[in-house]
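Trainee: If you read the sequence shown in this note's numbering, its first letter stands for residue 1, the second for the next number, and so on.
The set of hints was computed from the structure by calculation and includes no laboratory data.
Some hints could be false.
Claimed, not checked - Cross-link-like lysine-lysine pairs, in silico, DSS-like; alpha carbons within 25 angstroms at most: (1) 12 x 76; (2) 180 x 140; (3) 76 x 139; (4) 76 x 140; (5) 180 x 19; (6) 19 x 140.
Claimed, not checked - Per label pair, the in silico range of CB-to-CB distance: (7) 18 x 178: 50 to 60 angstroms; (8) 157 x 42: 34 to 44 angstroms; (9) 158 x 71: 19 to 29 angstroms; (10) 71 x 33: 42 to 52 angstroms; (11) 8 x 203: 14 to 24 angstroms; (12) 19 x 203: 20 to 30 angstroms; (13) 201 x 103: 45 to 55 angstroms.
Positions of the beta carbon are idealized from the N, C-alpha and C atoms, including for glycine.
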Amino acid sequence: MPQVEDILECLKDENLMGKGGAGIVYRGSMANGIDVAIKRLIGRNHGFDAEIHTLGKIRHMHIVRLLGYVSNRENKLLIYEYMSHGSLGEILHGSKGAYLQWETRVCIHIKEYAYTLKVDEKSDMYSFGVVLLELIAGKKPVGEFSDGVDIVRWVRETISEHTEPSDEVAVLAVLDTRVKGYPLASVVNVFKVAMICVDDESTARPTMREVVHMLTHPPEIASATAMPAHSLI
Numbered sequence: 001m002p003q004v005e006d007i008l009e010c011l012k013d014e015n016l017m018g019k020g021g022a023g024i025v026y027r028g029s030m031a032n033g034i035d036v037a038i039k040r041l042i043g044r045n046h047g048f049d050a051e052i053h054t055l056g057k058i059r060h061m062h063i064v065r066l067l068g069y070v071s072n073r074e075n076k077l078l079i080y081e082y083m084s085h086g087s088l089g090e091i092l093h094g095s096k097g098a099y100l101q102w103e104t105r106v107c108i109h110i111k112e113y114a115y116t117l118k119v120d121e122k123s124d125m126y127s128f129g130v131v132l133l134e135l136i137a138g139k140k141p142v143g144e145f146s147d148g149v150d151i152v153r154w155v156r157e158t159i160s161e162h163t164e165p166s167d168e169v170a171v172l173a174v175l176d177t178r179v180k181g182y183p184l185a186s187v188v189n190v191f192k193v194a195m196i197c198v199d200d201e202s203t204a205r206p207t208m209r210e211v212v213h214m215l216t217h218p219p220e221i222a223s224a225t226a227m228p229a230h231s232l233i
């Protein structure tokens, strides 16, 4: 585990990786040569203990690994493993996007985006759902559709063109055509999670803890949350 002094030394503007509704993320290089991502929580940090409890005990390919934390009067910091694959936009929409098959997309991008999420922040869950749709469809959140249409609306409108589509039909209607040889059940599961996260009613959106469970226990979720076609749109 990195020393607290080393971690605090990394909280500089030149190390800034990004900002989310829950905090600011910095990249850090520790004295032992290990690179980490340091999430500094801002505002009222009711989710701090929950995030430690939820992510600290998980070891799964789809969930970023929590290495440790710092908690004092001045700071509440979460220290994650650093993912060096670049941003979602840089990879998915660049020249390398065609080479990103399903397992790689899920592994890279769900881990990466987890840096900026707060476990119990429902407003951030909408953004997480948008990212999931982005990696499923291979399209940017905005700018690829007609005026006033974002990726959430495009997905809903595309699905609505089919009469009472099954989960599989709905997914295939929006899935990035560059993705080959994918496990359909996995794509359907992530798609369901995405659509729940972008529900117009914030109270209907899951917490990050629930998302973790859905992503790590797909067989249970498939039977427990089988949704009629209209609930996907």
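Trainee: If you check each hint against the structure, which ones fail?
Mentor: 3, 4, 5, 7, 9, 10, 11, 13
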